[in-house]
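Visitor: Okay, here's what each chain looks like letter by letter:
2 protein chains.
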Amino acid sequence: MAIIVQKYGGTSVGTIDKIRYVAQKVANRYKDGNRIAVVVSAMAGQTDRLIELANEMTPRPDPRELDVLVSTGEQISVALLAMALKDMGVPARSLLAHQVMIKTDDAFNKARILDIEVQSIQRVLDAGEVGVVAGFQGVTEDQEITTLGRGGSDTSAVALAAVLNAEVCEIYTDVDGVYTTDPHLYDKARRLDRISYDEMLEMASLGAKVLQTRSVEFAKKYNVPVLVRSTFEDNGGTLVTREDSDMEGVVVSGIAFDKDQAKITLLGIPDRPGVAASIFNVLAQNNINIDMIIQNVSADGKLADISFTVSLNDFAKAMQIVKAQGNTLNARDVLGDTTIAKLSIVGVGMRSHAGVAAKMFDTLSREGINIMMISTSEIKISCIIDEKYIELGVRVLHDAFELDKSGG
Amino acid sequence: MAIIVQKYGGTSVGTIDKIRYVAQKVANRYKDGNRIAVVVSAMAGQTDRLIELANEMTPRPDPRELDVLVSTGEQISVALLAMALKDMGVPARSLLAHQVMIKTDDAFNKARILDIEVQSIQRVLDAGEVGVVAGFQGVTEDQEITTLGRGGSDTSAVALAAVLNAEVCEIYTDVDGVYTTDPHLYDKARRLDRISYDEMLEMASLGAKVLQTRSVEFAKKYNVPVLVRSTFEDNGGTLVTREDSDMEGVVVSGIAFDKDQAKITLLGIPDRPGVAASIFNVLAQNNINIDMIIQNVSADGKLADISFTVSLNDFAKAMQIVKAQGNTLNARDVLGDTTIAKLSIVGVGMRSHAGVAAKMFDTLSREGINIMMISTSEIKISCIIDEKYIELGVRVLHDAFELDKSGG
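Residue numbers (this note's numbering), protein chains in the order written: chain A, 42 to 449; chain B, 42 to 449.
Rather than coming from a laboratory, the hints here were simulated on the basis of the structure.
Careful: at least some of the hints might be erroneous.
[As the list claims (entries may be wrong)] Per label pair, the in silico range of CB-to-CB distance: (1) B/Lys151 x A/Gln361: 55 to 61 Å; (2) A/Thr56 x B/Gln184: 36 to 42 Å; (3) A/Asn368 x B/Pro132: 39 to 45 Å; (4) B/Gly130 x A/Asn328: 55 to 61 Å; (5) A/Asn368 x B/Gly130: 50 to 56 Å; (6) A/Glu97 x B/Arg407: 57 to 63 Å; (7) B/Glu182 x A/Leu226: 52 to 58 Å; (8) A/Lys72 x B/Gln326: 36 to 42 Å.
The beta carbon of each residue, even a glycine, is placed where N, CA and C say it ideally should be.
Taking the hints into account, I'd like the entire structure generated from these sequences.
Guide: Laid out in structure tokens, this is it:
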């Protein structure tokens, strides 16, 4: 009998009626002869309500206690789903992190799964019961309750599928798969039948809405096939899987974009070793992540200009830090720009196809879209452009690489 | 340093502001140099809301899953109280049943505490932290979550005080102690400074509103002094403690009453061994508890009348069963009466004072109150009377035994 891990997100279990609907879906698969572990998130809105309660108590809730508090959300939904299943005559058992032994480190609020003791869940499945596992939560060696950060239930499900050696990890959510680009932005966007782990990771902004990044890393590491599909519609979904030769035929799989970007430029700083490092060290100490970096050296070779991008959230703090650093370095000026965006094409086929970058740059330039910065990986090319051109850029690239047509 | 166990009920932690107020009380005691374990109930109304959610899912929720569900109520309040304490600079740590290891049997929804592993909580107190322990919940040997039934947090607190060998178990609630009778019924009712475990148990209806009966049994067994007092007023409260010689000076400590009573009478059943047993066996099989029983034998000695009382809740079901039994036994008739009530006087001094019963019966008869049934224990005399006389009965007995005056 195949072992299947299913995961249902918060909107899928948002009401009693929806939980009953989910129970029926699980029951059907169970009656088909499968052994099933179901990972469940908190009912939609519940985690936010709990965090609000904590913030009412204090502006800086203790991280350990916050995890004790918010982990009740998943506890409620697993109990209700197990009740619904038993009510339908399906043997079921809710399991919390300390019962399944989902062991994590002790980084409260953003813990990482270290290990899952497979015995407990295996025993439940061997007894012919559906294991209804609380997502998002873990337990440290000292029996402290932890949570895995937003979207952590995806990682719970993939990790469980890995230790159970499950046939597939099915992620049920309110979208029906991964698209070539955001369908809200371009109606020619097409649902992908398959996507590789690496592409999914590079899709970043597109993919992250569907699956927590860490869950994809986990799936890649343990080679767990992940099927993303809709809870309430019966479409095929998108299979996130390891790369195979079919995929190489497709040059570009998707167009990603990210408006949550800002650019900072230091003008006229000394061009000597250690100067750039000194700036980025201070930013790193303040937990500010840098994405792209460009450095130009002036004609006389003594001064340099340096530009880099940060997320919009970090912009104000980063500007403050960089201005202080700029003073120390006698920079001519520090400029900030929040009206930029990142546009990316992603595809494993790039590895074996030449001219992909040229086609991207050419397509954008023919529309008068100026490229400010470029960065590339093996399977991705990203450009920083003016934010106002982002919709246009997505559409022309989608057309140029013919993403509306099924590849492969 | 003294170890103190405090318990705060649902109304005491019903809002964020009230939890903050409770934290301040705990903080003050902590700063006085005490080592404190605080047991907390779910925020007022929360348990009912969770049970409602379960009932929305199914009319008969699975008992195991119901405990997983409702135990989240206490988890939320311990997390919030621990946050509030830390916010005030008091080291604190929330502890769930599986962390304190409050071991129970596996009778879901009404589990009994078997043992508490004192090491975990002791370690927290030794580290100078306030232990904030979830009441009402337990864990079986198999790591299953259980709950202790309504009012179970009282028992959690007393059990914790027992294993910690605490100086006192303070129960903070919305009443400020145990009264000689219900103050809503008679304004001369007086708060008792002290009451013995046995009297507290016999006070039944009066006492049960203040403390879960099982917690008093536990306190008696392990000789834990229990101080019942108000969360929001600074009165002395009532100390529930073991009997001492002072208490014997007081003949009657309190007047209890219970309107939740009904009487069933079988007329003309055969007076032979086993007949009464046959009736009560069937009632017991249906989980109906019998309180008082009276049997009269007719003049010819062949037929008997038998009367007994049940709680009002069980009356309809009991009548149905008894009527069926009556038919089998050829009873002349089966009569039911729901307009009765039980009036009791309680006091350890009865043991050493004669004439208490006579004084009770005399006082009632002078008011024209007819006594239908009588039962006595070493420290209690109960009478079944017409329900309409219950307020009158309480008042005249309260006056006759001078309960408005401090005894001792």
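Visitor: Determine for every hint whether it applies to the structure shown.
Guide: Quick rundown of the hints versus the structure:
For B/Lys151 paired with A/Gln361, a C-beta distance near 60 Å keeps the hint of 55 to 61 Å intact. A/Thr56 and B/Gln184 have their C-beta atoms about 30 Å apart, which leaves the hinted 36 to 42 Å range violated. With their beta carbons about 42 Å apart, A/Asn368 and B/Pro132 fall inside the hinted range of 39 to 45 Å. The supplied range of 55 to 61 Å is broken by B/Gly130 and A/Asn328, whose beta-carbon atoms lie about 26 Å from each other.
For the hinted restraint 50 to 56 Å between A/Asn368 and B/Gly130, the CB-CB distance of approximately 38 Å leaves it violated. For the pair A/Glu97 and B/Arg407, the beta carbons lie near 59 Å from each other, so the given range of 57 to 63 Å is met. For the hinted restraint 52 to 58 Å between B/Glu182 and A/Leu226, the CB-CB distance of approximately 56 Å keeps it satisfied. In this structure the supplied range 36 to 42 Å holds for A/Lys72 paired with B/Gln326, their Cβ-Cβ distance being about 37 Å.
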